[in-house]
Amino acid sequence: MPKDPSLKSVLVIGSGPIVIGQACEFDYSGTQAIKALRKEGIRVSLVNSNPATIMTDPEYADRTYVEPLTPEVLEAILERERPDAVLPTVGGQTALNLAMELSRRGVLDRLGIRLIGASRQAIEVGEDRRLFKEAMGRIGLEVPRSGFARSVAEARKVLEVTGLPAIIRPSFTLGGTGGGTVYNVADFDETVERGLDLSPTHEILVEESVLGWKEYELEVMRDNADNFVVICSIENFDPMGIHTGDSVTVAPAQTLTDREYQLMRNASRRIIREVGVETGGSNIQFAVDPKTGRMVVIEMNPRVSRSSALASKATGFPIAKIAALLAIGYRLDEIRNDITKVTPACFEPVLDYVVVKIPRWAFEKFADASPLLGTQMKSVGEVMAIGRTFKEALQKGLRGLETGTSGFSRTDLDDGQIKAKLLSPDPDRIFYVKRALELGWEHAEIHRMTGIDPWFLDQMQQIADMEKQIIAAARPLEQRAASGAGSTPAERAGGLGGAPLAPPSFTTTLVEWASSPSWRDGRPRASSPSPSPPSTGSPTGARSTRTGAPGTGPGSRRRSRTTCCSPSWRPGASAGWRRETSPSDSSSSRRTPPPRRAPGSCSPKRSPAAACASSAGARSPSGRRSWATRRAGRGQPSPRLSSDARCAPASPSVTTSSRGRCTGPAGRRRREPPRKG
Amino acid sequence: MTAEETLPSARRTLTPEEPASAVLCSRIVSSNGTRATLALEDGLVFEGRSFGATGETTGEVVFNTAMCGYQEVLTDPSYAGQIVTMTYPHIGNYGVNRDDVESVRPQVAGFIVREASTKASSWRASGELHRYLEEAGVVGISEIDTRALTRHLRTHGAKRGVVSTRSHDREELVAKARGSRSMVGLDLAREVTCPEPYHFGSAPAPHPYKVVAYDFGMKQNILRMLTAAGCDVTVVPATTSGDDTLALKPDGVFLSNGPGDPEPCDYAVEASRRIMDARVPMFGICLGHQILGLACGGKTFKLKFGHRGANHPVKNLGTGHVEVTSQNHGFSVDPALFERPELVLTHVNLNDGTVEGFRHRDLPVISVQYHPEASPGPHDSHYLFGDFIQLMEARRQP
Numbered sequence: 000m001p002k003d004p005s006l007k008s009v010l011v012i013g014s015g016p017i018v019i020g021q022a023c024e025f026d027y028s029g030t031q032a033i034k035a036l037r038k039e040g041i042r043v044s045l046v047n048s049n050p051a052t053i054m055t056d057p058e059y060a061d062r063t064y065v066e067p068l069t070p071e072v073l074e075a076i077l078e079r080e081r082p083d084a085v086l087p088t089v090g091g092q093t094a095l096n097l098a099m100e101l102s103r104r105g106v107l108d109r110l111g112i113r114l115i116g117a118s119r120q121a122i123e124v125g126e127d128r129r130l131f132k133e134a135m136g137r138i139g140l141e142v143p144r145s146g147f148a149r150s151v152a153e154a155r156k157v158l159e160v161t162g163l164p165a166i167i168r169p170s171f172t173l174g175g176t177g178g179g180t181v182y183n184v185a186d187f188d189e190t191v192e193r194g195l196d197l198s199p200t201h202e203i204l205v206e207e208s209v210l211g212w213k214e215y216e217l218e219v220m221r222d223n224a225d226n227f228v229v230i231c232s233i234e235n236f237d238p239m240g241i242h243t244g245d246s247v248t249v250a251p252a253q254t255l256t257d258r259e260y261q262l263m264r265n266a267s268r269r270i271i272r273e274v275g276v277e278t279g280g281s282n283i284q285f286a287v288d289p290k291t292g293r294m295v296v297i298e299m300n301p302r303v304s305r306s307s308a309l310a311s312k313a314t315g316f317p318i319a320k321i322a323a324l325l326a327i328g329y330r331l332d333e334i335r336n337d338i339t340k341v342t343p344a345c346f347e348p349v350l351d352y353v354v355v356k357i358p359r360w361a362f363e364k365f366a367d368a369s370p371l372l373g374t375q376m377k378s379v380g381e382v383m384a385i386g387r388t389f390k391e392a393l394q395k396g397l398r399g400l401e402t403g404t405s406g407f408s409r410t411d412l413d414d415g416q417i418k419a420k421l422l423s424p425d426p427d428r429i430f431y432v433k434r435a436l437e438l439g440w441e442h443a444e445i446h447r448m449t450g451i452d453p454w455f456l457d458q459m460q461q462i463a464d465m466e467k468q469i470i471a472a473a474r475p476l477e478q479r480a481a482s483g484a485g486s487t488p489a490e491r492a493g494g495l496g497g498a499p500l501a502p503p504s505f506t507t508t509l510v511e512w513a514s515s516p517s518w519r520d521g522r523p524r525a526s527s528p529s530p531s532p533p534s535t536g537s538p539t540g541a542r543s544t545r546t547g548a549p550g551t552g553p554g555s556r557r558r559s560r561t562t563c564c565s566p567s568w569r570p571g572a573s574a575g576w577r578r579e580t581s582p583s584d585s586s587s588s589r590r591t592p593p594p595r596r597a598p599g600s601c602s603p604k605r606s607p608a609a610a611c612a613s614s615a616g617a618r619s620p621s622g623r624r625s626w627a628t629r630r631a632g633r634g635q636p637s638p639r640l641s642s643d644a645r646c647a648p649a650s651p652s653v654t655t656s657s658r659g660r661c662t663g664p665a666g667r668r669r670r671e672p673p674r675k676g
Numbered sequence: 000m001t002a003e004e005t006l007p008s009a010r011r012t013l014t015p016e017e018p019a020s021a022v023l024c025s026r027i028v029s030s031n032g033t034r035a036t037l038a039l040e041d042g043l044v045f046e047g048r049s050f051g052a053t054g055e056t057t058g059e060v061v062f063n064t065a066m067c068g069y070q071e072v073l074t075d076p077s078y079a080g081q082i083v084t085m086t087y088p089h090i091g092n093y094g095v096n097r098d099d100v101e102s103v104r105p106q107v108a109g110f111i112v113r114e115a116s117t118k119a120s121s122w123r124a125s126g127e128l129h130r131y132l133e134e135a136g137v138v139g140i141s142e143i144d145t146r147a148l149t150r151h152l153r154t155h156g157a158k159r160g161v162v163s164t165r166s167h168d169r170e171e172l173v174a175k176a177r178g179s180r181s182m183v184g185l186d187l188a189r190e191v192t193c194p195e196p197y198h199f200g201s202a203p204a205p206h207p208y209k210v211v212a213y214d215f216g217m218k219q220n221i222l223r224m225l226t227a228a229g230c231d232v233t234v235v236p237a238t239t240s241g242d243d244t245l246a247l248k249p250d251g252v253f254l255s256n257g258p259g260d261p262e263p264c265d266y267a268v269e270a271s272r273r274i275m276d277a278r279v280p281m282f283g284i285c286l287g288h289q290i291l292g293l294a295c296g297g298k299t300f301k302l303k304f305g306h307r308g309a310n311h312p313v314k315n316l317g318t319g320h321v322e323v324t325s326q327n328h329g330f331s332v333d334p335a336l337f338e339r340p341e342l343v344l345t346h347v348n349l350n351d352g353t354v355e356g357f358r359h360r361d362l363p364v365i366s367v368q369y370h371p372e373a374s375p376g377p378h379d380s381h382y383l384f385g386d387f388i389q390l391m392e393a394r395r396q397p
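Those sequence lines, one after another, are chains A and B. Mind the numbering: the first sequence is residues 0 to 676 in numbering that gives the first Met the number 0, read in order. Mind the numbering: the second sequence is residues 0 to 397 in numbering that gives the first Met the number 0, read in order.
Everything labelled a hint here was simulated from the structure, so no lab data went into it. Hints may be right or wrong, so weigh each one.
Just some of the chain B residues that point at chain A, by a computed CB distance under 7 angstroms [as the list claims (entries may be wrong)]: (1) Pro88; (2) Arg97; (3) Trp122; (4) Ser166; (5) Glu195; (6) His198; (7) Val321; (8) Thr353; (9) His378; (10) His381; (11) Gln389.
Label pairs and their in silico Cβ distance ranges [said to hold, decoys possible]: (12) A/Gly136 <-> B/His198: 49 to 59 angstroms; (13) A/Pro370 <-> B/Trp122: 53 to 63 angstroms; (14) A/Leu210 <-> B/Pro263: 55 to 65 angstroms; (15) B/Pro205 <-> A/Val341: 44 to 54 angstroms.
Cβ atoms here follow ideal geometry from the backbone N, Cα and C, with glycine treated the same way.
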């Protein structure tokens with residue numbers, strides 16, 4: 000069926016402020032969707048409370064409302080705009096929740112406005128654990144065994160089904176307080192009692208623990224003719240127990256046989272049908288017991304998700320754009336594949352490369368937050384790298400993190416800490432895993448402690464072994480060079496990759512160079528009247544200007560009002576965060592000249608490494624602007640990331656941070672010689 | 000410009016003296032650790048490392064784009080006479096196991112991968128891939144630029160080639176590749192078929208459908224699917240005549256997949272005509288589909304680089320549905336067949352518009368080019384076995 004002719008105007012709901020777990024990926028998806036809809040001649044109105052987004056630029060939607068994302072405001076906008084439909088699936092959970100609330104309040108029915116992309120029922124089933132479990136039961140799929148209990152005795156009964164360890168989740172407590180994982184019966188009773196006490200409904204969920212299981216995700220799409228395709232399979236390097244947003248993830252899945260993969264694919268098809276996602280994309284998560292292969296469904300998101308953005312870039316399949324087109328009635332076989340230009344979008348991408356996503360944390364900014372990783376997402380951004388092998392992609396990704404390490408070249412690790420670090424995951428764990436491999440630890444031992452699949456450990460072992468070989472092969476060269484004239488130790492170090500001889504600094508903070516006058520006159524950082532010294536680590540509005548993401552850390556939910564309006568924003572001078580050593584560093588690091596780039600040279604568009612990123616061009620002040628935008632008085636030019644980020648396969652690593660920015664490392668290497676201070 | 004000029008990196012040579020660090024991030028995978036050379040008939044030469052058995056092998060070099068399911072690919076008899084390149088770079092990650100086989104042993108003439116895994120990680124693994132190949136005597140090569148090779152094959156078409164661990168002389172190997180047999184006109188079905196008829200097994204149903212399956216190089220999963228659908232299957236050799244088959248009084252006749260060119264299989268075309276005339280329901284897959292196309296008066300032609308992978312979109316023209324299918328074929332049925340009014344095109348490939356399936360208007364004959372039994376690949380097309388059952392059911396109850 001071609002486009003639905005009754006759809007003349009659509010309201011797109013954005014995802015609002017950038018917080019941990021909901022970042023620029025929804026700007027990317029929303030912008031893609033708006034462009035696709037407008038190209039189809041549909042009048043698009045947009046509401047998003049966050050003006051520091053691409054989608055709120057005036058040239059995107061026909062009318063843009065920069066207004067709070069509350070049901071009341073949405074209702075007023077719907078009254079005014081009277082769109083034929085609302086598209087809530089490209090604005091993250093915020094947009095889905097708002098759409099649900101509008102539907103619940105009867106606003107949509109009263110105004111005769113349809114929900115497209117996902118039905119109310121699908122959103123409910125995706126959200127509600129109990130409904131989801133029932134739905135999975137109807138189609139014969141397993142979820143982790145669990146049961147609700149209102150007393151210790153009842154909980155004990157459930158325990159017979161789930162076994163130990165078990166997870167206790169009190170119902171309706173904020174952020175799951177009072178719950179936890181229990182490993183023995185004594186702890187069990189105690190935790191159950193506490194959970195029952197804390198729960199306002201005096202009820203807890205006792206759930207089978209799938210900690211340490213292999214974790215997989217499938218990005219799938221379905222159209223209104225029930226055509227179904229898997230866009231991408233993703234395997235988590237870190238096992239169940241660490242939030243996907245905090246896991247290193249790999250596409251495609253590496254350690255599934257075809258039989259198991261097809262089971263997962265068939266299950267996904269049944270799930271998307273049963274949950275009732277008529278059109279669009281969904282993200283479905285599975286856990287697999289590495290010992291028996293038992294597969295359970297963890298959850299499904301009936302919307303474009305964080306992983307969709309990753310899958311889009313990993314495969315070249317524009318999920319959000321296609322989801323928008325499917326929502327207005329097209330079928331997958333009626334949409335053209337953007338890469339081949341001749342074949343339809345109804346296909347399953349195959350890769351001849353490996354994609355690795357590595358989360359980027361910023362615990363240095365959140366002094367109070369514990370760096371231990373668990374089921375609550377703590378990363379503030381991520382790096383995606385493409386390589387012909389997992390090893391290549393992993394090393395590129397680690398370098399792309401811009402934490403000062405080129406691949407695994409870290410020398411500040413404390414060998415005494417290895418065991419502790421392997422047992423309790425934090426951002427450094429992957430480096431300690433590699434260190435353990437270097438020291439010849441047994442893979443089985445590391446696997447037992449970390450749950451990381453032996454295949455990944457073997458790959459990392461190969462990196463460690465190769466490093467040793469290179470160092471061994473370089474030693475004679477080094478000696479020869481030392482005896483020769485004219486070469487300095489620094490050059491020799493550079494020739495060997497530098498890392499072992501010149502340990503880089505790892506205490507880093509991110510500073511916007513363009514906003515700091517000291518970079519322009521080349522004075523050393525120590526004397527700079529920087530508006531906010533990085534050493535404080537406090538996310539103040541002034542420092543976080545362009546990010547729109549201050550106060551997004553664990554424990555801190557403050558948000559800056561100065562978002563996007565800093566006068567230091569200038570088009571062309573926009574692309575950069577750079578690493579800067581903190582004042583606590585040794586004086587030698589201060590001698591490092593501040594990096595400078597020629598104006599515009601930092602534009603990600605010009606960086607060959609950042610095929611994904613695109614221009615940071617000026618916002619046209621003469622652009623059409625809605626009353627709402629004008630009223631809000633947010634006319635400041637804002638450097639930005641284009642949403643149209645599409646990665647060419649085989650491009651080097653691309654940093655996509657939640658700060659709403661895509662930059663490649665190559666741009667960062669353009670440094671001018673030091674200026675005299 | 001010759002192919003070699005476009006691919007200078009492909010000619011890079013590793014000498015045995017060179018330290019392993021010369022190839023970054025690679026490791027000697029095979030226990031024998033020797034060099035291997037791949038040469039194509041058009042002069043393109045790749046040097047890599049031996050993987051699996053040592054020795055020398057010739058065949059048609061083709062590529063498969065499936066990202067997993069390499070054990071099914073290796074054991075699929077349709078790959079007889081072919082050296083298969085896997086486009087996905089990491090192969091061997093989950094090792095090999097006893098269940099994921101499509102025939103009793105690997106059938107490929109050779110195997111080409113970018114990187115062979117040293118670690119088999121799966122709870123079902125019973126061994127490592129390189130040992131499995133070694134034991135089966137399959138000569139393989141790893142650590143070559145499979146992307147360059149694939150692009151070359153896609154541009155210039157499937158090529159005859161040789162993989163050798165014995166000789167590394169370019170001229171000699173290219174000459175050997177040129178001297179090897181060509182797929183066109185090659186009747187490989189006769190080589191891989193079963194020597195004697197045998198009874199595969201029966202569904203537990205009270206009145207299973209009696210199916211005679213022609214084995215042109217049949218994948219095991221087809222037999223499993225047929226019995227699961229309620230059939231009692233007897234497998235017969237490719238050269239069984241139509242009369243012999245009809246003497247078994249089957250409810251339906253199945254024509255299997257298989258390797259090689261369909262045109263020399265005139266014996267099977269003859270038999271198919273005889274069975275069609277008897278109005279016995281027929282179902283063909285892959286080579287069986289091409290044979291049915293020939294039996295209906297059509298022609299076949301060789302595709303440039305064939306369809307091999309697990310992601311080919313096929314549109315079912317009857318329902319409008321798109322199925323993601325598993326494919327493995329180098330020849331295709333000429334669409335001129337559908338100028339005949341009695342034949343109906345039912346499935347078409349959305350990538351290149353080639354014929355993927357047809358049925359007969361008057362006779363109970365259905366046929367698809369792709370693999371509804373998947374293995375490896377998506378299970379979107381399992382319904383076709385049900386369609387075959389319906390044809391047989393309709394004949395039982397006239």
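These are the hints, each one checked on the structure:
1. Pro88: Because about 5 angstroms separates B/Pro88 from the closest Cβ in chain A, which is inside the 7 angstroms limit, the hint holds.
2. Arg97: Nearest chain A Cβ about 12 angstroms off; hint violated.
3. Trp122: holds, 5 angstroms
4. Ser166: violated, 28 angstroms
5. Glu195: With Cβ-Cβ at 30 angstroms, over 7 angstroms, it is violated.
6. His198: Interface hint status for B/His198: violated (26 angstroms vs cutoff 7 angstroms).
7. Val321: Because about 4 angstroms separates B/Val321 from the closest Cβ in chain A, which is inside the 7 angstroms limit, the hint holds.
8. Thr353: It is violated, given that the least Cβ distance between B/Thr353 and chain A is near 13 angstroms, above 7 angstroms.
9. His378: holds, 6 angstroms
10. His381: violated, 10 angstroms
11. Gln389: violated, 21 angstroms
12. A/Gly136 <-> B/His198: 49 to 59 angstroms: For A/Gly136 and B/His198 the Cβ distance comes to about 40 angstroms; the hint is violated.
13. A/Pro370 <-> B/Trp122: 53 to 63 angstroms: violated, 33 angstroms
14. A/Leu210 <-> B/Pro263: 55 to 65 angstroms: holds, 59 angstroms
15. B/Pro205 <-> A/Val341: 44 to 54 angstroms: holds, 51 angstroms
Going through the hint list in order, the structure does not satisfy hints 2, 4, 5, 6, 8, 10, 11, 12, 13.
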